[in-house]
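Asker: Single-letter residue listing:
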Amino acid sequence: MSHHDHDHHDEERGVSRRKVLECMTWAGTGVLWTISGGVPRSLGLVDAANAAEAAALTFLQISDSHIGFDKPANPNAAGTLEEAIAKINAIPKKPSFMIHTGDITHLSKAAEFDNAEKIISQAKLDVHYVPGEHDFLDEEVKFYKDRYGKGTKGPGYYSFDAGGVHFVGLVNVVDLKAGGLGNLGAEQLEWLEGDLKGRSKSTPIVVFAHIPLWTVYPQWGWGTEDGARALDYLKGFGSVTVLNGHIHQVMQKVEGNVTFHTARSTAFPQPAPGTAPSPGPMKVEDAKLRSVLGIASVNFKRGDQRLAIIDTPLAG
Amino acid sequence: MTFAALRSLGLAVAATILLGTVSARAEEHKVTIDNFTFAPAQLTVKIGDTVTWTNHDDIPHTVVSAGKYRSKTMDTDGTFSFTFTSAGDYKYFCSLHPHMTGMIKVEAQTTGMIQPDQGTNKVE
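Just so you know, the sequences run in chain order A and B.
For the first sequence, our numbering begins at 1 and goes up steadily by one.
For the second sequence, our numbering begins at 1001 and goes up steadily by one.
Please note that a few of the clues may not be correct.
As the list claims (entries may be wrong) - In the EDC-like style, the derived pairs of lysine to aspartate or glutamate whose C-alpha atoms are separated by at most 20 Å in a straight line are:
no. : chain 1 : residue 1 : chain 2 : residue 2
1   : A       : K109      : B       : D1034
2   : A       : K109      : B       : E1028
3   : A       : K197      : A       : D232
As the list claims (entries may be wrong) - Residues from chain A that face chain B, not an exhaustive set, calculated with beta carbons under 7 Å:
no. : residue
4   : E133
5   : L137
6   : A272
7   : P273
8   : T275
9   : P277
What the hints assert, rightly or not - Heads up, incomplete: computed chain A residues facing chain B, CB under 8 Å, no partners named:
no. : residue
10  : A73
11  : L107
12  : K109
13  : A110
14  : A111
15  : N115
16  : L176
17  : K177
18  : G179
19  : G180
20  : W214
21  : P279
22  : G280
FYI, nobody ran anything at the bench for these hints, they're computed from the structure.
All C-beta atoms, glycine included, are put in the ideal place defined by N, C-alpha and C.
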């Protein structure tokens, strides 16, 4: 059954797509975004651990730590990042590694990068980073590259293989054009084409970048101008998973062989598209903050077409 | 009074008038950033005028006019000022959130108060 069928099905049952999207966005508990079944099921951390048990490869995604942010939406972004790392350390089966989908810091200050490193390193996992626009704000645009740019190309894109999966980290936060969205640029697209060429179509591909590669809400700049070109190169691969951050909320879309997913921030939530005058930091009740911050774990089982993505809030 | 002295006085007067004219006319303008929006989105100023942008958001922004001017990152309550010295349409945007755009239209000073034929600022 295709995923279009599922959407159709849901509508027949009176659950509009929008409603489902809202549930996906604001579910207060960990959610497993299924794989071949297509229907989202809520899972707790224990289930997440069980799922990890059977998986060939488990890795984590954290995003948008915004170290240095101290505004009302969360006066202590370092504190909630620490909580996220504690959550990761509590997972019974140690994940293989972690990816960070950008906005490590809020203002690209050296001290912010240092503080982020100090906290994230407590997970004792390899971390594969891609930059967010907040990581390129220092005058010489060198702090990110000095720390995380080794072995990468251009502003910091690269690929690697792990557990039979091919991972591609892309940068879509530089050379943004007036009136436009995120941007990969011709050079990076050319590199991507070459990187994927000749690879077996049965190789599962995970692409991660800061700004969503799919168009979530262009009025707020939530999308990537030339993202469709990148996706063209991914056509024909049996399993493609696109992991992003930037929008500080969970969203998922499945299109054919491609699963798009955005992770929560560990720092502050942002409003659902169009529900506020701007995408700026959203102040929620203190008691609710940790239910809208969190991490994601991704399980890959050999033979499964789709990777299982489990979003876990810091609390709630 | 000698002719030379008169002439110097004339020069001084002329200089005073010219300087006075320019400084009286250079105006300060404000553009604010609230909710990821420049307000006013379009502003018309005269050559010599200064525009100051102020960021009221909890997220940093920049003001970039390709090839013309580029602010540093403005954090909350951060400001950036630019004095326009030539006429034209200066489209600008936030390089972090490129959907934020604005324009400063810079017009030439009108010549109404400077009238060479009346001799007030004629220098020989």
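Asker: Against this structure, judge whether each hint is valid.
Answerer: A quick look at each hint next to the structure:
no. : hint               : in the structure
1   : K109(A) x D1034(B) : violated, 24 Å
2   : K109(A) x E1028(B) : violated, 32 Å
3   : K197(A) x D232(A)  : holds, 12 Å
4   : E133               : holds, 5 Å
5   : L137               : holds, 5 Å
6   : A272               : violated, 16 Å
7   : P273               : violated, 13 Å
8   : T275               : violated, 13 Å
9   : P277               : holds, 4 Å
10  : A73                : holds, 7 Å
11  : L107               : holds, 6 Å
12  : K109               : violated, 10 Å
13  : A110               : violated, 14 Å
14  : A111               : violated, 14 Å
15  : N115               : violated, 17 Å
16  : L176               : holds, 4 Å
17  : K177               : holds, 6 Å
18  : G179               : holds, 5 Å
19  : G180               : holds, 5 Å
20  : W214               : violated, 16 Å
21  : P279               : holds, 7 Å
22  : G280               : holds, 5 Å
Hint compliance for this structure: hints 1, 2, 6, 7, 8, 12, 13, 14, 15, 20 are not met, and every other hint is.
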